[in-house]
Amino acid sequence: AQKITQTQPGMFVQEKEAVTLDCTYDTSDQSYGLFWYKQPSSGEMIFLIYQGSYDEQNATEGRYSLNFQKARKSANLVISASQLGDSAMYFCAMREGPGNQFYFGTGTSLTVIP
Amino acid sequence: GAGVSQTPSNKVTEKGKYVELRCDPISGHTALYWYRQSLGQGPEFLIYFQGTGAADDSGLPNDRFFAVRPEGSVSTLKIQRTERGDSAVYLCASSLGTSGRIGETQYFGPGTRLLVL
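Line by line, the protein sequences are chains A and B. Position 75, counted from 1, in the first sequence is what our numbering calls 75; the numbers after and before it change by one each time, with no gaps. Converting from the second sequence to our numbering requires adding 1000 to each position, the first position being numbered 1.
Honestly, I wouldn't trust all of these hints.
[Unchecked claim] On the chain A side, residues computed to face chain B include the following (Cβ under 7 Å): (1) Q8; (2) G10; (3) M11; (4) S31; (5) S41; (6) F47; (7) G52; (8) Y64; (9) F68; (10) A88; (11) F104; (12) G105; (13) T106; (14) G107.
For the record, the hints were derived by calculation from the structure and aren't laboratory data. The beta-carbon is built from N, C-alpha and C at its ideal position, and this holds for glycine as well.
Based on the provided sequences and hints, a complete structural model is requested.
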């Protein structure tokens, strides 16, 4: 089974609008971390936001927030006030318990329309 | 401070040749990771170093792939007898290496795009 599932291959959003990128995960560990990365066309993975499994509050970083629903095993990324520079691939990733590697989803391509 | 750097940025080689990909992590980061990203996919884990030793190489696809980090800083991913299926972007990441810290972020380099003809 896939550890990270991103069901939206592509998304479009109007500039200045908010957009939600979906991510569901699969783990039997109680302790895990969820990460979102942005990958522009240049290829570099840019860290956006982190949510720990024991964190009670949803994580926020500027225009990025993470809608963490533990019972549903979902960790959706919300980008508010979209900008043209937000157009990129977005990857959800998970780190389990004592493990070191990240498991990545297949990504969502976001296009911001002027 | 400099981020993770990788060289070369692009590599074209012929089937059967040997290639080396280099990663220079963020200064002070003891943990180093290699991932492979095929077209249209997310990165897939290859190997993890803590210091000089390969702590987890479970993601290496076969024995043609090998990686070293002799002085605990720069790492080299080596691919022998390259095959067309090895064509991908090879990403390197580093992190502080604090043991057991779930939230420790991995910082990625720009990747090396390998094309095997």
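We went through each hint and held it up to the structure:
Contact between A:Q8 and chain B, as hinted, is not supported at the beta carbon level, the nearest pair being about 14 Å apart and thus beyond 7 Å. Restraint check, A:G10 versus chain B: the minimum CB separation of about 11 Å is more than 7 Å; hint violated. A distance limit of 7 Å between C-beta atoms decides the matter here; for A:M11 the minimum to chain B is near 16 Å, and the interface restraint is violated. For A:S31, the interface hint holds, since its Cβ comes within 7 Å of a Cβ in chain B; the closest pair sits about 6 Å apart.
The criterion of a C-beta within 7 Å of any C-beta in chain B is not met by A:S41, whose closest approach is roughly 12 Å, and the hint is violated. This hint holds: A:F47 has a C-beta 5 Å from the nearest C-beta of chain B, less than the 7 Å allowed. Against a cut-off of 7 Å between C-beta atoms, the interface hint on A:G52 holds, since the closest Cβ of chain B lies about 5 Å away. Among the interface hints, the one on A:Y64 is violated; its C-beta lies about 14 Å from the nearest C-beta in chain B, farther than the 7 Å criterion.
Look at A:F68: its Cβ only gets to about 13 Å from chain B, farther than 7 Å, so that hint breaks. A least Cβ separation of about 14 Å between A:A88 and chain B goes past the 7 Å threshold, and the interface hint is therefore violated. The interface hint given for A:F104 holds, since its Cβ lies 3 Å from the closest Cβ of chain B, which is under the 7 Å cut-off. This hint holds: A:G105 has a C-beta 5 Å from the nearest C-beta of chain B, less than the 7 Å allowed.
Using the Cβ-Cβ criterion of 7 Å, the hint placing A:T106 at the interface with chain B is satisfied: the shortest such distance is roughly 5 Å. Checking A:G107 against chain B by beta carbon gives a least distance of about 6 Å; that is within 7 Å, so the hint holds.
Of the numbered hints stated above, those contradicted by the structure are hints 1, 2, 3, 5, 8, 9, 10, listed in ascending order.
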